[in-house]
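Here are the chains, one letter per residue:
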Amino acid sequence: AQTVTQSQPEMSVQEAETVTLSCTYDTSENNYYLFWYKQPPSRQMILVIRQEAYKQQNATENRFSVNFQKAAKSFSLKISDSQLGDTAMYFCAFMAYNSGGSNYKLTFGKGTLLTVNP
Amino acid sequence: DTGVSQDPRHKITKRGQNVTFRCDPISEHNRLYWYRQTLGQGPEFLTYFQNEAQLEKSRLLSDRFSAERPKGSFSTLEIQRTEQGDSAMYLCASSLGVTLWETQYFGPGTRLLVL
Chain A
1 AQTVTQSQPE MSVQEAETVT LSCTYDTSEN NYYLFWYKQP PSRQMILVIR QEAYKQQNAT
61 ENRFSVNFQK AAKSFSLKIS DSQLGDTAMY FCAFMAYNSG GSNYKLTFGK GTLLTVNP
Chain B
1 DTGVSQDPRH KITKRGQNVT FRCDPISEHN RLYWYRQTLG QGPEFLTYFQ NEAQLEKSRL
61 LSDRFSAERP KGSFSTLEIQ RTEQGDSAMY LCASSLGVTL WETQYFGPGT RLLVL
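Here the protein sequences come in this chain order: A and B. 1 is the number of the first residue of the first sequence in our numbering; add one for each residue after it. 1 is the number of the first residue of the second sequence in our numbering; add one for each residue after it.
Just chain A, with the same shape it has in the complex (with noise of 0.2 Å):
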């Protein structure tokens, strides 16, 4: 069984500032991918970025990047020059795969709920 911990329940940060987001996760399993969703209030959930397991590179998307350690199973997401916008509850989500297929369900952890400050 995979496990997700997101160790911090809410965080804040000031507009434009930078704020990293942590999560690590336990498995067994070689071959997976790792994803952080987006909720924003009364919204629905968005996927913000993913990374694959095999890949060493750190995934980008814009503002949003993530700092991937295979081996200490960590996987934090870095969001720089911080948004109004961005305020939502953070979610960091597993997805295992074998040589069958991807088992497809997304095991997600507790959530860290972030604040962006005016």
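For the record, the hints were derived by calculation from the structure and aren't laboratory data. Do not rely on the hints blindly, as some may be mistaken.
[What the hints assert, rightly or not] Just the calculated beta-carbon pair ranges, DEER-fashion:
(1) A:56 - B:14: 50 to 56 Å
(2) A:14 - B:41: 26 to 32 Å
(3) B:9 - A:31: 33 to 39 Å
(4) A:43 - B:52: 36 to 42 Å
(5) B:20 - A:17: 29 to 35 Å
(6) A:15 - B:8: 32 to 38 Å
(7) B:60 - A:54: 26 to 32 Å
(8) B:20 - A:56: 43 to 49 Å
(9) B:101 - A:118: 35 to 41 Å
(10) A:58 - B:78: 40 to 46 Å
(11) B:83 - A:9: 39 to 45 Å
(12) B:52 - A:29: 27 to 33 Å
(13) A:71 - B:28: 38 to 44 Å
We treat Cβ as the ideally placed atom computed from N, Cα and C, and that holds for glycine.
Since chain A is already given, all that's left is putting chain B on it; use the hints.
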């Protein structure tokens, strides 16, 4: 296409009643997933479909829960004899169903309150 839709958005019911939720995935998506999210927790996987076939069910899905996806289009999730512990947000997601991994697109959810 406006994305994944769910109906109703909110449901209040009394303990012991049956409830049914509907999910309409993005039209060309073959995979459909149901998750449950309780307060202060991340979503937990319940079940998923590849077209009309239900391929995996979580142990969270007790025998009071049943999900269907007739004709591989919309899906319904029914909870029989609801209990207060069933109160949660029920999320539906869909993905294209072609590649090994794919973005799962989530709907707005159905919030269930069992009194």
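Violated constraints from the hint list, given by number and in increasing order: 4, 5, 11
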